[in-house]
Amino acid sequence: MKQFLAFITKEFYHVFRDKKTLLILFGIPLMQITLFGFALTSEVKNADIIVIDNAKDDDSEKLINKLRASTYFTIYEKQIGYNAIEKEFKKGQIKAAIIIPPKFNNDLIKGKKSQIQILTDGTEPNVAKMLVQYITAITMDYQREINATNSPMMMIIPEIRMLYNEEGNGSINFVPGVMALVLMIVCTALTSVAVVREKELGTMEALLVSPFKPIGVLLAKALPYLVLSFVNLNFILLLAVFVMKVPMQGSILLFFFFSMIFIATSLSMGLLISNITDSQQVALLLSMIGMMLPTIVFSGFIFPLENMPKFFQWFSYIVPARWYYTGVKSIMLKGLDIHYIWKEMVALSMMGTFFLTIAISKFKIRLA
Amino acid sequence: MNITEANITNNNGLLSKEEKEPVIICKDLTKKFGDFVAVDHITFEVNKGEIFGFLGANGAGKTTAMRMLSGLIYPTSGQASVAGFDVYHKQEKIKKNIGYMSQRFSLYDNLSPLENITFYGGVYGVPRKEIKERSRLLIEQLGLQNEANKLVASLPLGWKQKLAFSVAIFHEPKIVFLDEPTGGVDPITRRQFWDMIYEAASRGITIFVTTHYMDEAEYCNRITIMVDGKIEALDTPGNLKRIYNENSINDVFYKLARKATREE
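Protein chains in written order, with my numbering: chain H, 17 to 384; chain Z, 955 to 1218.
Chain H on its own, in the form it takes in the complex:
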């Protein structure tokens, strides 16, 4: 036990004196979460839109005001001809144009219907679809208002709610994914580099001839990083909740417990990587690139797994981040309890045990 303490003390000295380690530990999460959280968003905000109001009457005015009140667009009222609109699109300055015909109000009252035209930039289909949805929704809304004051007619109003994410905040979907990504990368990178560094320096040999047990070397290496990752987890959680506005609906205790299982799995993965490499660069590369790609692709936070070919869907089951992502979403967004995420817990624990067993047995073989 005393030996173990001596080892762990030493390990902490390494961490706090090595700027590279600290950078990996806290720099990567900060960068990844803010970057992914802010940049990777499917929602549209403050899109520039031209409104050409050819009617200039009461109703057109009210409709434009309603549009203006929305945070999705920035409205520019312009009096330009049809041909000039295309020029604006070509300049790439506007995402959509709304054209209100003359006699808008007149048509509405007398003919009971009028038209508005919406033009969007099809080179960005996702943004275009979103804008059409928003504008249609606002127009419908206005239509309901004027119908309420006029003669009532029968209609079905679909009431739509996005459960667990009422505001359609895109980052709450990404952030749990990025959390999985960051923890995976940081944990594997740190442990693998920590072990390989000793190999590179030649100190590993000194440790192996000491009475300290080889399995002890591995555990003593992993334990400080387990503690540090816990600190890191707090940091990530704070970023997620307070900066990225991801709600925490479920139990924080469960969240931490679940996350620690994932962290332990990632650390075991790091130990495994350290066994098959002899240089810090390779270890770092393997843990960064090797872990990043499968995590991004197969955890389902960017590319929906349901749309993938069956083979890849099966493959995703062996990607730890997939389980963590699902579990964290259940806890944070849906507020589910342990009964709903036990499968994820079991899967992660099994993978962790598997990695650790191989890591330890391979470590012993090197000594034989």
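Some hints could be false.
Claimed, not checked - Here are the simulated BS3-like cross-link-like pairs (lysine-lysine), alpha carbons at most 25 Å apart as the crow flies:
| id | chain 1 | residue 1 | chain 2 | residue 2 |
| --- | --- | --- | --- | --- |
| 1 | H | Lys-61 | H | Lys-18 |
| 2 | H | Lys-215 | Z | Lys-1047 |
| 3 | Z | Lys-981 | Z | Lys-1044 |
| 4 | H | Lys-18 | Z | Lys-981 |
Hints are computed from structural coordinates only; laboratory data are not their basis.
Chain H is fixed; fit chain Z onto it per the hints.
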């Protein structure tokens, strides 16, 4: 004690019969890696307090032999005991009783000398209080008072090696294995390093050292010359020179090592 004095006291080769107390015993010790016989039936004994030199070209099997004796790898066949413990079954016991310093020395660059001593002392189970007292003493002996809390990375190579040796014997092992400990060090520092080795030997610590430097071989009580995994010669430096009729160990070594067929 300096080298000349030590040489005089030990110049007659082995210690007298009564004092002879083998701490390393090897008989037909062999290590194979597949078809490759790295160490081929080596047999020797090393006595307590002896400075035992292990010479050989690169790839001659020195490091493999040393690794078997220090409990890092298992032999393929043959017998060996170190500090009275069998290398097959009592590796853990052996590890407690030996010290080890490799050519790439075993210190942590981003730890201070004091922290390095504390760490290795702790790993070898030296009581904390004892570590505290003796490490201060050691730092004084090495003249590292001003560097005690600076990082090892900032020390000159020679000092690092002296410190590494001190760390390797800090837990008072029965035997210390030195794997080319003086690589890349200037002659004066090497001299000082050997003074430390003699001092340790005089306290009864057995020194098992591999080296490339033939002048260092002359400092040993007895030397072994390994060629292609076999022991070609084993005797005091004086006797070897006489037997092979050469003026220096360098020439003896050259005569024997030339026969090597194995390349690195």
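With the threshold set at 25 Å, check whether the alpha-carbon distance from Lys-981 (chain Z) to Lys-1044 (chain Z) stays at or below it. holds, 17 Å
Starting from Lys-18 (chain H), check that the Cα of Lys-981 (chain Z) is at most 25 Å away, please. violated, 37 Å
Going straight from one Cα to the other, do Lys-215 (chain H) and Lys-1047 (chain Z) come out at no more than 25 Å? Status holds; Cα separation ~24 Å.
Between Lys-61 (chain H) and Lys-18 (chain H), does the CA-CA distance stay at or below 25 Å? Status violated; Cα separation ~58 Å.
Hint violations for this structure: numbers 1, 4, all remaining hints satisfied.
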